[in-house]
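Chain order of the listed sequences is B and Y.
Residues are numbered in our numbering as their position in the first sequence, beginning at 1, plus a constant of 1.
Residues are numbered in our numbering as their position in the second sequence, beginning at 1, plus a constant of 1.
Hints listed in this document are in silico derivations from the structure and should not be mistaken for laboratory results.
Errors might be hidden in some of the hints.
To be verified - In silico lysine to any residue, SDA-like type, Cα no more than 20 Å apart, as pairs:
| id | chain 1 | residue 1 | chain 2 | residue 2 |
| --- | --- | --- | --- | --- |
| 1 | Y | K4 | Y | E359 |
| 2 | Y | K7 | Y | A364 |
| 3 | B | K4 | B | A23 |
| 4 | Y | K328 | B | D302 |
| 5 | B | K328 | Y | A351 |
| 6 | Y | K168 | Y | A157 |
| 7 | B | K328 | Y | I70 |
| 8 | B | K328 | Y | Q68 |
| 9 | Y | K168 | Y | P152 |
| 10 | Y | K72 | B | R304 |
| 11 | Y | K178 | Y | L99 |
| 12 | B | K328 | B | A297 |
| 13 | Y | K328 | B | G124 |
| 14 | Y | K328 | B | G118 |
| 15 | Y | K328 | B | S73 |
| 16 | B | K11 | B | D352 |
| 17 | Y | K72 | B | G118 |
| 18 | B | K328 | Y | T34 |
| 19 | Y | K7 | Y | T355 |
| 20 | B | K328 | Y | H119 |
| 21 | B | K178 | B | H21 |
Stated by the list, open to error - Chain B is nowhere near these chain Y residues, computed Cβ spacing over 12 Å in every case:
| id | residue |
| --- | --- |
| 22 | A36 |
| 23 | D46 |
| 24 | H282 |
| 25 | G290 |
| 26 | I292 |
Said to hold, decoys possible - Covered by chain B, per the in silico footprint, the following chain Y stretches (three or more residues, Cβ under 8 Å):
| id | region |
| --- | --- |
| 27 | 76-83 |
| 28 | 256-269 |
| 29 | 296-305 |
All C-beta atoms, glycine included, are put in the ideal place defined by N, C-alpha and C.
There are 2 protein chains.
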Amino acid sequence: MFKLIKQEGKARRGVFETAHGAVQTPVFMNVGTQAAIKGGLSAEDLRNIGCQVELSNTYHLHVRPGQDIVKSLGGLHRFMNWDGPILTDSGGFQVFSLAVLRKIREEGVHFNAHTDGHRIFMGPEESMLIQWSLGSDIAMAFDECIENPSPHDYVARSCDRTARWLKRCKDELERLKQRPDTVNPGQMLWGINQGGTYPDLRIRHMQQIAELDLPGYAIGGLAVGEPTETMYDIIEAVEPYMPADRPRYLMGVGTPANIIEGVARGVDFFDCVMPSRNARHGHVFTSQGHINLNNAKYASDPRPLDENCDCPVCRRYSRGYIRHLLKAGEMLGMRLAVMHNLYFYNHLMADIRTAIEEGRFDAFRRENTEKFVKRI
Amino acid sequence: MFKLIKQEGKARRGVFETAHGAVQTPVFMNVGTQAAIKGGLSAEDLRNIGCQVELSNTYHLHVRPGQDIVKSLGGLHRFMNWDGPILTDSGGFQVFSLAVLRKIREEGVHFNAHTDGHRIFMGPEESMLIQWSLGSDIAMAFDECIENPSPHDYVARSCDRTARWLKRCKDELERLKQRPDTVNPGQMLWGINQGGTYPDLRIRHMQQIAELDLPGYAIGGLAVGEPTETMYDIIEAVEPYMPADRPRYLMGVGTPANIIEGVARGVDFFDCVMPSRNARHGHVFTSQGHINLNNAKYASDPRPLDENCDCPVCRRYSRGYIRHLLKAGEMLGMRLAVMHNLYFYNHLMADIRTAIEEGRFDAFRRENTEKFVKRI
Numbered sequence: 002m003f004k005l006i007k008q009e010g011k012a013r014r015g016v017f018e019t020a021h022g023a024v025q026t027p028v029f030m031n032v033g034t035q036a037a038i039k040g041g042l043s044a045e046d047l048r049n050i051g052c053q054v055e056l057s058n059t060y061h062l063h064v065r066p067g068q069d070i071v072k073s074l075g076g077l078h079r080f081m082n083w084d085g086p087i088l089t090d091s092g093g094f095q096v097f098s099l100a101v102l103r104k105i106r107e108e109g110v111h112f113n114a115h116t117d118g119h120r121i122f123m124g125p126e127e128s129m130l131i132q133w134s135l136g137s138d139i140a141m142a143f144d145e146c147i148e149n150p151s152p153h154d155y156v157a158r159s160c161d162r163t164a165r166w167l168k169r170c171k172d173e174l175e176r177l178k179q180r181p182d183t184v185n186p187g188q189m190l191w192g193i194n195q196g197g198t199y200p201d202l203r204i205r206h207m208q209q210i211a212e213l214d215l216p217g218y219a220i221g222g223l224a225v226g227e228p229t230e231t232m233y234d235i236i237e238a239v240e241p242y243m244p245a246d247r248p249r250y251l252m253g254v255g256t257p258a259n260i261i262e263g264v265a266r267g268v269d270f271f272d273c274v275m276p277s278r279n280a281r282h283g284h285v286f287t288s289q290g291h292i293n294l295n296n297a298k299y300a301s302d303p304r305p306l307d308e309n310c311d312c313p314v315c316r317r318y319s320r321g322y323i324r325h326l327l328k329a330g331e332m333l334g335m336r337l338a339v340m341h342n343l344y345f346y347n348h349l350m351a352d353i354r355t356a357i358e359e360g361r362f363d364a365f366r367r368e369n370t371e372k373f374v375k376r377i
Numbered sequence: 002m003f004k005l006i007k008q009e010g011k012a013r014r015g016v017f018e019t020a021h022g023a024v025q026t027p028v029f030m031n032v033g034t035q036a037a038i039k040g041g042l043s044a045e046d047l048r049n050i051g052c053q054v055e056l057s058n059t060y061h062l063h064v065r066p067g068q069d070i071v072k073s074l075g076g077l078h079r080f081m082n083w084d085g086p087i088l089t090d091s092g093g094f095q096v097f098s099l100a101v102l103r104k105i106r107e108e109g110v111h112f113n114a115h116t117d118g119h120r121i122f123m124g125p126e127e128s129m130l131i132q133w134s135l136g137s138d139i140a141m142a143f144d145e146c147i148e149n150p151s152p153h154d155y156v157a158r159s160c161d162r163t164a165r166w167l168k169r170c171k172d173e174l175e176r177l178k179q180r181p182d183t184v185n186p187g188q189m190l191w192g193i194n195q196g197g198t199y200p201d202l203r204i205r206h207m208q209q210i211a212e213l214d215l216p217g218y219a220i221g222g223l224a225v226g227e228p229t230e231t232m233y234d235i236i237e238a239v240e241p242y243m244p245a246d247r248p249r250y251l252m253g254v255g256t257p258a259n260i261i262e263g264v265a266r267g268v269d270f271f272d273c274v275m276p277s278r279n280a281r282h283g284h285v286f287t288s289q290g291h292i293n294l295n296n297a298k299y300a301s302d303p304r305p306l307d308e309n310c311d312c313p314v315c316r317r318y319s320r321g322y323i324r325h326l327l328k329a330g331e332m333l334g335m336r337l338a339v340m341h342n343l344y345f346y347n348h349l350m351a352d353i354r355t356a357i358e359e360g361r362f363d364a365f366r367r368e369n370t371e372k373f374v375k376r377i
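Chain B extracted, bound-state conformation:
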């Protein structure tokens, strides 16, 4: 399902087939946690800004509106009117980051919902049932996300359990897909590598989960507070043990520089809330560095957010207008800023793909990694 078109160093230019179309990689997935992109973007907006894959969340959609409602309305694609590929996160990360009073057992995790505190149990089978009901194209394995740093022996035991959970995820999704009321018969399961910041555990766990021969593998549990260099080191350590003929997904990462460095280390899929969250606070990515629209100097600036950008926002609106909307609390301000930032990310990935195709990714990396960090 994953076809490698071109490779330069570790950087890979590929195509990945899903039940809802092909994904050109490296790719950035646009995050719509609750089946909608923050800032009021519609599925049509997503198409207009070059989004290839939409990402929603198992835990959030379980809590509200509930997977049965989404399934009864035809599954997630029809629910949100997005007919392109969808990846659903497993809920594992949210159970460990949002939920309170959790108890981890071999069978799964007991915890209280972050909304109204009602008691929930989620294990591999529950996560698969929810994702199967949602009908995403890529379901993610239910895993334990540990804090960094955690003790080596705890991480080792956690990884073993996550490996056992992965086998249960695989069995359960295969079983569910036999049901005649399956929303998406083409749904697949990807595994998630854990192991904290310990290269030995990362490698051992990767070897364990590679045995299940899944169509894709993610690196989870990074970008959760550890130094950036540690993250890069872990990717470098585990990458040689990831199947070369399967896509690799670095979960929750990151800045434009992080993404370029991830691609340079052999990663194909990325996702992050940063572009939409930053946008809502007036922080905008541009080809020249990032700008803070809250700065008074932009109040009467007639230029588009990025003078080199061809997105639907930059073709129509000025910095001054968008700044006014954000200051006045008008939702349109957030929507325009989010659209631009997501376009910037999607467009960055297109530039990366072209650079690899043309055998000049190394030069692209040297030119751009630092540029995007600059504040202008």
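Starting from the known structure of chain B, fit chain Y onto it as the hints suggest.
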């Protein structure tokens, strides 16, 4: 500038020319107080839902971002990327409804801003300067909006002052439009009839302001708490004194039923925040009556908001999805609901226009006035 195409009883089907195109009347103007429609709608969204005239507010844009910024960015049309007709309210209503510690003098009104409390003075000349800077197509006169009911002698004195203010508005706008840096040379001034709930004062004031021979006249100070029947009575009383060859605008009105009844009494222009405000609270207008999306029965309802509606929302999204978005606090929910409700209003006006053209407005009125009040 106003051409009457057809009349049925008092109901009028007309065309009104502005510097940014013709307006087919009767028309509902879509309210974008702060140079943006609430709910995150862009100017492109407005085009897609049949908006003819956008309405922004002098007071709000004076407070934030300030008319000089809008002017420096090319005026309101360019600022918000809307090249159709724009009407700006004068700020009079907001000065009397939002501002605190106001003092009314012959020269104008001293008051504190509702945002940060800073002291502002606004009179006819200030209102004209702001609207001239914004470059709207229709500038509204600066008037005093009294409460209903107010004592007869106070209303009489207020009307006389508002009539004197109108003359100052006219002189000032004519003076400003001589300036070479005029944003919109085609900008025009409309007068506003006041007089509270007193037919005699309404008529006297209308006779006063008709003498200024303005290109349009509004009925202000209604729909501010008085009974609906009183509002209809006042329109009926004053309408014979409004120039028949000029458009009439009933400010801030209203429900679909109010609009149909207004048209039946000779009104051509309407505006109201009701469709967008209701939408944001999950209250949706449909051809069968209005629905409250907060009702649990809509959670798994696969139908569009209105099964007879052809708007961009009803063609793509279910009640269940939009209800989920509203419950989850996703901005997209508000945006979709607002788009539908505004489309409903714009489409209602198109139906009214067709009914008048075809000489069956009276039947349309009988069939529809009650229907839209029903809760389904």
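Interface exclusion of A36 of chain Y relative to chain B, criterion Cβ beyond 12 Å: Non-interface label fails for A36 of chain Y: nearest chain B Cβ at 7 Å, not farther than 12 Å.
Holds or violated: K178 of chain Y to L99 of chain Y, with C-alpha atoms at most 20 Å apart: violated (30 Å)
Tell me if the straight-line CA distance from K7 of chain Y to T355 of chain Y falls inside 20 Å. holds (10 Å)
K328 of chain Y paired with G118 of chain B [C-alpha distance capped at 20 Å]: holds (17 Å)
Pair hint K4 of chain Y and E359 of chain Y, alpha-carbon separation not exceeding 20 Å: Holds, at about 17 Å.
Taking only the CA atoms, is the gap from K7 of chain Y to A364 of chain Y under or equal to 20 Å? Since the Cα atoms of K7 of chain Y and A364 of chain Y sit roughly 16 Å apart, the hinted pair holds (cutoff 20 Å).
Are the Cα atoms of K168 of chain Y and A157 of chain Y separated by 20 Å or less? The hint holds at about 17 Å.
What's the verdict on K328 of chain Y and D302 of chain B, does the C-alpha distance respect the 20 Å limit or exceed it? violated (37 Å)
Hinted pair, alpha-carbon criterion (20 Å max): K72 of chain Y, R304 of chain B. Please report holds or violated. holds (15 Å)
Quick check: the region 296-305 of chain Y, covered by chain B? Criterion 3+ residues, Cβ under 8 Å. Per the Cβ count (3), the hint holds.
CA of K328 of chain B to CA of T34 of chain Y, is that 20 Å or under? holds (14 Å)
Starting from K11 of chain B, check that the Cα of D352 of chain B is at most 20 Å away, please. holds (17 Å)
Taken one by one, the earlier hints fail for this structure at numbers 4, 5, 9, 11, 13, 17, 22, 23 and 28, listed in ascending order.
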